[in-house]
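Can you build the whole structure from these sequences, using the hints too?
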Amino acid sequence: MVERRATLGILAHAVMIFGMLIVAFPLYLAFVASTHTSQEIVQAPMPMLPGGHFWENYIAALTGHGGGAGSNAPVGRMMWVSLVTALVIAFGKIAVSLLSAFALVYFRFPFRGLFFWAIFVTLMLPVEVRILPTYKVVSDLGMLNSYAGLTIPLIASATATFLFRQFFLTVPEELVEAARMDGAGPMRFFWDILLPLSKTSIAALFVIQFIYGWNQYLWPLLATTSEDMYPVVVGIKRMIAGGDSGNEWNIVMATAIMAMLPPAFVVIFMQRWFVKGLVDTEK
Amino acid sequence: MAAISIRNVIKRYGHGPKANQVIHGVDAEIADGEFIVIVGPSGCGKSTLLRMVAGLEEISGGQIAIAGRVVNDIEPSERDIAMVFQNYALYPHMSVFENMAYGLKIAKVPLAEIKQRVDKAAKILELGTFLQRKPRELSGGQRQRVAMGRAIVRQPEVFLFDEPLSNLDAKLRAQTRLEIQKLHNELGVTSLFVTHDQVEAMTLAQRMIVMNAGRAEQIGAPLEVYARPATTFVAGFIGSPPMNLIPRDGRLLGIRPEHLEPCSASEAMITIDVDLIEPLGADIIVYGHIGDKESARVAARLAADATAVAGKLAVRYAPQNVHWFDPATGKRIEG
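Chains as they are written, first to last, in the numbering used here: chain C, 1 to 283; chain V, 1 to 335.
One thing to keep in mind: the hints can contain errors.
[As the list claims (entries may be wrong)] In silico DSS-like cross-links for lysine-lysine, where the CA-CA straight-line distance does not exceed 30 Å: (1) C:Lys199 with V:Lys115; (2) C:Lys199 with V:Lys105; (3) V:Lys108 with C:Lys199.
[Stated by the list, open to error] Residues of chain C clear of chain V, computed beta-carbon distances all greater than 10 Å: (4) Gly9; (5) Met20; (6) Pro126; (7) Thr134; (8) Leu175; (9) Ala178; (10) Arg180; (11) Phe190; (12) Leu197; (13) Glu227.
[Unchecked claim] If you only want the chain V side, here are some residues facing chain C, beta carbon under 7 Å, derived: (14) Asn72; (15) Pro76; (16) Phe85; (17) Trp324.
Quick caveat, the hints were computed from the structure, so don't treat them as lab data. Positions of the beta carbon are idealized from the N, C-alpha and C atoms, including for glycine.
Okay, structure coming up:
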């Protein structure tokens with residue numbers, strides 16, 4: 001900023017605090033709702049302070065003992081499904097993209113340019129566009145209601161491939177040659193040199209892809225019909241029965257809060273890696 | 001240790017009529033234990049030639065043999081060579097020890113022997129206290145030494161240096177030059193050293209290969225090349241300032257700046273119209289042109305106590321210091 005003036009500072013802070021309140025208030029409301037009984041929540045002025053049913057509600061949600069009109073599947077199981085799905089998607093995407101970027105950058109094979117553009121073009125096709133054919137394939141292969149069905153269609157990633165490709169292009173050519181002189185074959189070079197150098201990119205992508213995997217909604221909604229394969233994001237939806245039926249909003253909110261925690265933890269935990277990666281540039 | 005034979009080596013990029021040939025048949029025999037410097041301006045193909053010896057570039061024509069074995073189709077790691085790169089190419093995530101040990105680890109050398117070899121190289125290069133550091137924690141000169149250490153531990157038949165000193169400052173460069181010389185005396189490994197710097201070439205080489213536009217213009221000991229340049233290119237490239245080339249009687253007369261001495265106007269063999277004076281302390285270099293011919297620039301190295309002023313300067317030379325060249329081919333005319 002050009003000038004430092006008290007009024008400007010106050011104004012800036014006021015704007016930021018206001019913005020923060022807009023973001024934080026619904027979260028606070030969800031938390032408050034998750035600590036009351038379902039009757040207390042639906043009363044006309046909703047309570048604004050946390051109530052005394054915190055443990056009760058969360059245990060009920062985790063074990064699936066809510067008495068609502070919608071699904072009562074245990075959230076513990078859903079969290080597990082979500083965790084497995086998100087991890088498989090994140091690691092799968094990273095593994096596949098690393099290898100395909102490696103092939104695109106370091107190997108000369110026929111139609112290399114064509115393959116690159118083919119991958120690049122799929123960037124324009126999100127899951128939603130190809131969801132019907134994908135569903136048909138997955139169901140024909142009998143992968144509905146399985147971890148494979150939840151993860152494999154989401155693993156291919158043009159974005160990550162593109163990102164790793166751009167990173168590999170910045171790795172000095174001399175490093176490749178030095179490795180050749182040292183007698184390292186292509187896979188040896190990949191493991192011993194390229195992978196350690198990509199650590200920071202991998203960490204960044206892991207965060208992005210974990211959250212992407214965790215927050216998947218439309219695809220799991222189609223690919224799972226059995227309660228024990230619901231990811232938590234879909235589980236929340238299934239808990240809410242339509243119409244005027246009595247929903248256990250306290251349990252729903254407790255589930256929502258729990259669904260938000262793992263991505264938050266991943267971001268907070270990996271942030272240290274981000275900063276570390278930014279500080280020591282290893283090139 | 002091994003001899004290297006470079007036989008009519010050609011390098012071209014691309015195929016068919018569009019192919020771009022950059023090396024046009026270089027021949028050189030390098031004896032066992034010799035220190036050879038390949039010198040030339042940028043783009044002359046010197047690095048390409050070295051990289052063909054290393055196996056990093058394919059050989060388009062001709063043969064390269066190391067220790068009597070033709071290596072055209074042999075992987076770099078199996079040629080029994082080690083290379084020091086211009087930017088050192090150290091693995092940034094590995095410690096100095098791991099950098100030096102990496103090649104041996106791949107070759108499945110027992111750990112105890114790796115340790116012993118790295119320690120020995122570290123001792124020679126005074127890197128002992130840095131072994132656990134990462135390359136980014138080292139200075140340019142130290143990184144350079146690690147790059148050499150990585151080459152030494154492999155105990156190769158041949159060392160290849162690709163402009164290893166060009167990223168160092170002038171003082172460190174002179175010092176490292178000495179170290180490389182010392183190292184060569186100690187280890188006696190056949191070495192090929194590429195540089196564009198003629199001072200490096202003159203001081204390091206036992207023999208040098210002067211390259212220009214993909215051809216070896218002259219191969220010989222530095223002083224021999226300096227004293228009897230085979231072509232006008234070599235005459236102009238080796239020596240600073242370069243040899244004066246003055247057209248005379250349909251030929252080119254070559255004379256080194258230090259072989260011109262001031263004299264009285266009546267004895268003048270050349271009269272220089274001086275327009276630039278560079279006092280260097282140890283001597284003075286004057287530049288100018290020869291009165292009637294605007295094109296022929298001439299430099300003369302005068303003693304430090306000479307009086308140098310702009311204007312006419314009469315100089316003479318001893319006949320034994322004169323070189324003659326054919327202006328059409330650029331080749332030296334003997335006799």
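Hints versus structure:
1. Of the supplied pair hints, the one linking Lys199 (chain C) and Lys115 (chain V) holds, its CA atoms being roughly 28 Å apart against a limit of 30 Å.
2. Of the supplied pair hints, the one linking Lys199 (chain C) and Lys105 (chain V) holds, its CA atoms being roughly 22 Å apart against a limit of 30 Å.
3. A threshold of 30 Å between alpha carbons decides the hint, and for Lys108 (chain V) with Lys199 (chain C) the separation of about 26 Å falls inside it, so the pair holds.
4. For Gly9 (chain C), the condition that its CB be more than 10 Å from all CB atoms of chain V holds, with the nearest at approximately 39 Å.
5. The Cβ of Met20 (chain C) lies farther than 10 Å from every Cβ of chain V, with a closest approach of about 39 Å, so its non-interface assignment holds.
6. With a least CB separation of 35 Å from chain V, Pro126 (chain C) remains clear of the 10 Å interface cut-off, as annotated.
7. The beta carbon of Thr134 (chain C) sits about 39 Å from the closest Cβ of chain V, which is more than 10 Å, so the claim that it is off the interface holds.
8. Not every CB of chain V is more than 10 Å from the CB of Leu175 (chain C) (nearest about 5 Å), against its label as outside the interface.
9. A cut-off of 10 Å between C-beta atoms contradicts the statement that Ala178 (chain C) is not in contact with chain V; the least separation is 4 Å.
10. Arg180 (chain C), annotated as away from the interface, has a beta carbon of chain V within 10 Å; the closest lies near 5 Å.
11. Look at Phe190 (chain C): its CB is around 13 Å from the nearest CB on chain V, clear of 10 Å, so calling it non-interface holds up.
12. The beta carbon of Leu197 (chain C) sits about 6 Å from the closest Cβ of chain V, which is not more than 10 Å, so the claim that it is off the interface is violated.
13. Residue placement check: Glu227 (chain C) keeps its beta carbon more than 10 Å from all beta carbons of chain V (closest about 46 Å).
14. Look at Asn72 (chain V): its Cβ only gets to about 16 Å from chain C, farther than 7 Å, so that hint breaks.
15. Because the beta carbon of Pro76 (chain V) sits about 5 Å from the nearest beta carbon in chain C, less than 7 Å, this interface hint is met.
16. For the restraint placing Phe85 (chain V) at the interface with chain C, the shortest Cβ-Cβ distance is roughly 5 Å, inside the 7 Å limit, so the hint holds.
17. Nearest Cβ of chain C to the Cβ of Trp324 (chain V): about 44 Å, over the 7 Å cut. The hint is violated.
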